[in-house]
Amino acid sequence: MQTETSKNWSQFNKDIANDHYYYLRSCIRQNFFPGSEVAFLDILRNKLGKTIYDDASHTTCAGIGYHCDIVPFETIQALAARHFSLMTEKGLKHAVVSCVTSFGIYSEILDTWNHFPESLEKTRNALRKSTGREFELPENVVHCSDIVYKFRKEIKDQAKHTLTNTKTGKPLKIVDHIGCHYAKIFPERGVGGAEFPKVLTGMITAWGGETVDYPERRHCCGFGFRHYFVKNNRSYSLSNSKKKFESMEPFQPDAIVTNCPGCNLFLDRWQYTLEQIERKTYGQQGQGIPVLTYEELAGLVLGYDPWKLGLQFHQVEVEPFLDKMGIAYKKGDKYKNLDGKIIGERPMVNELNIV
Amino acid sequence: MQHIETLIKEKLNSDIRFVEGLNACMNCGICTAICPAAEFYDYDPRTMLTIVQSGNLQKIRELLESDTIWYCGQCMSCKTRCPRHNCPGLVISVLRKISQETGAFTQSRMGRQQYLLRKGLGNALLNIGYSLHPSFIKPADHPEQGPVWQWIFENASEIYKTVGANLDEEGPGVLRKIDKEAMTEFRAIFEETGCLELFRLIDQYSSIKALELGITNEANQPDMDQYLHFIENEQETSY
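Chains S and R, in that order, are what the protein sequence lines are.
Residues in the first sequence are numbered from 1 upward in steps of one, following this note's numbering.
Residues in the second sequence are numbered from 1 upward in steps of one, following this note's numbering.
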């Protein structure tokens, strides 16, 4: 019998292009989780057989500057237009965005151009005057997590590991955290909308894991843009994340997975900060809860080496999660360079396993 | 006084984000219920929207000079929930822009922080075409980043290579150096679309504030390094 729920679900299906993508990188992801961007391109090209153009000429979208209010709306419109122009030059029409802030920015700009055609003309003029460029509107703009969600079954078909606790045989319990600007501004542009976002839970369940519902599931991580960039305001960011940790703690998740570079950073680093300030941890057996990007999760499922994926960039140790998945790794390799030598003075592990 | 309030009205009505962000607020308060900033600050988006909707320019001007408009974290959770399709977070963006264009931001502690952002984030954008670079995130300024980041910061060139990044090098890839041609276009866009003018206004009004606060050098000119230090450490009760 067709249920009311499935009827409603159809409203939240999203058109995700099948191939021939143009990649737009993220400021935060490439600084803090660089292996995730490398893995995403590798999975697309070498596991899924897709083409994606990695352009050296694109810049930041300046979305962080926009939400910190020092960069005007007109500027980000012209920067987005320049990226569409680069894409037009390559004959591509499907933009794939690594950052959730950027994804929100592109969505806001396209919506504005749709509602106010004069602003599109104004942007075309500004871009022409400043760079001599012209551009065509993209046919499809999606977030990278949309692509991994779309091909989650193809990834499962090539899986070397599943999201199962190999010692107990039970599914691993994974909290999904979706960046606010993925679907809260424009629900119709997110898989499942803002109310039932499925982009990460779809991956988790397809790969054998169990999702965790908890009261503050949809609460912001607390980035707050100016509230993190201004040192004096950081307690705002910390307080928001703490609220989430306290809410998820009773469910004892094995990991958190996020689709937003900033959220991944803060949910990782604020656990360390809270351990330092309050001697409080939220994971199992007094440990922190590992916080993974969806690219890292896909990479682990596909059998990528954890240190090639960049899991050594995390402050909260990921080894307990790797052990549960039954992934073999050499602990000593975590701090080695390409020549196999230990890099610098390795960070000390404290007794709570938050490095 | 009258002139500034007329200017505020003109700026509000000419910003398409204001047209998009405020349809007709019925004061239900769902935005405040969902707002993370309302939870941790003395902030109420419902009241803010009521004031703006009232059109009372004197009260709007007071808002522009207050800490209130700077509390929003721009998560935009309010947009999802508003039954009238308003977006208080978007209205905040417009108010913040006008506050900077009129100099009102220097009248509040949270507003004055815009000078920190313009110098730090603004210069980063203009210099490298990114918002961030590993070398900017100094462990002394970011204790929350922890010992792993300290290790990455001190050994960046080696560590980024292990995951296939292209730190500060030519060509595509993670953290590549953005080439001269792209940077020229990037900066030209900033000039053409008014971002550099906004930077100039933030600098200018901040200098006036430094002078007003007596933060000056031996030549009796605004000492902007000292002013940066002042706003970086300014507490709620210190001014």
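These are calculated hints, taken from the structure and not from any lab test.
Just to be clear, a hint being listed does not mean it is correct.
[Said to hold, decoys possible] If you want the ones that stay clear, here's a sample from chain S, every Cβ over 12 Å from chain R, calculated:
id, residue
1, D19
2, Q30
3, F73
4, G91
5, K129
6, K153
7, E154
8, K156
9, A206
10, E210
11, K243
12, L302
13, E317
14, K324
15, A328
16, K334
[Said to hold, decoys possible] When the alpha-carbon atoms are kept at most 27 Å apart in a straight line, the in silico BS3-like pairs for lysine-lysine are as follows:
id, chain 1, residue 1, chain 2, residue 2
17, S, K122, R, K97
18, S, K324, S, K156
19, S, K336, S, K160
20, S, K90, R, K97
[Claimed, not checked] Example chain S residues on the side facing chain R (calculated, C-beta under 7 Å, incomplete):
id, residue
21, E37
22, T59
23, I64
24, I70
25, E74
26, A78
27, F116
28, N240
Quick reminder that beta carbons are idealized off the backbone N, C-alpha and C, glycines included.
Structure-based check of all given hints:
no., hint, verdict
1, D19, "holds, 19 Å"
2, Q30, "violated, 5 Å"
3, F73, "violated, 6 Å"
4, G91, "holds, 17 Å"
5, K129, "violated, 6 Å"
6, K153, "holds, 27 Å"
7, E154, "holds, 23 Å"
8, K156, "holds, 24 Å"
9, A206, "holds, 25 Å"
10, E210, "holds, 26 Å"
11, K243, "violated, 8 Å"
12, L302, "holds, 16 Å"
13, E317, "violated, 9 Å"
14, K324, "holds, 21 Å"
15, A328, "holds, 19 Å"
16, K334, "violated, 10 Å"
17, K122(S) with K97(R), "holds, 19 Å"
18, K324(S) with K156(S), "holds, 18 Å"
19, K336(S) with K160(S), "holds, 24 Å"
20, K90(S) with K97(R), "violated, 36 Å"
21, E37, "holds, 5 Å"
22, T59, "holds, 4 Å"
23, I64, "holds, 4 Å"
24, I70, "holds, 5 Å"
25, E74, "holds, 4 Å"
26, A78, "holds, 5 Å"
27, F116, "holds, 5 Å"
28, N240, "holds, 5 Å"
Hints 2, 3, 5, 11, 13, 16 and 20 from the list above are not met by this structure, while the remaining hints are.
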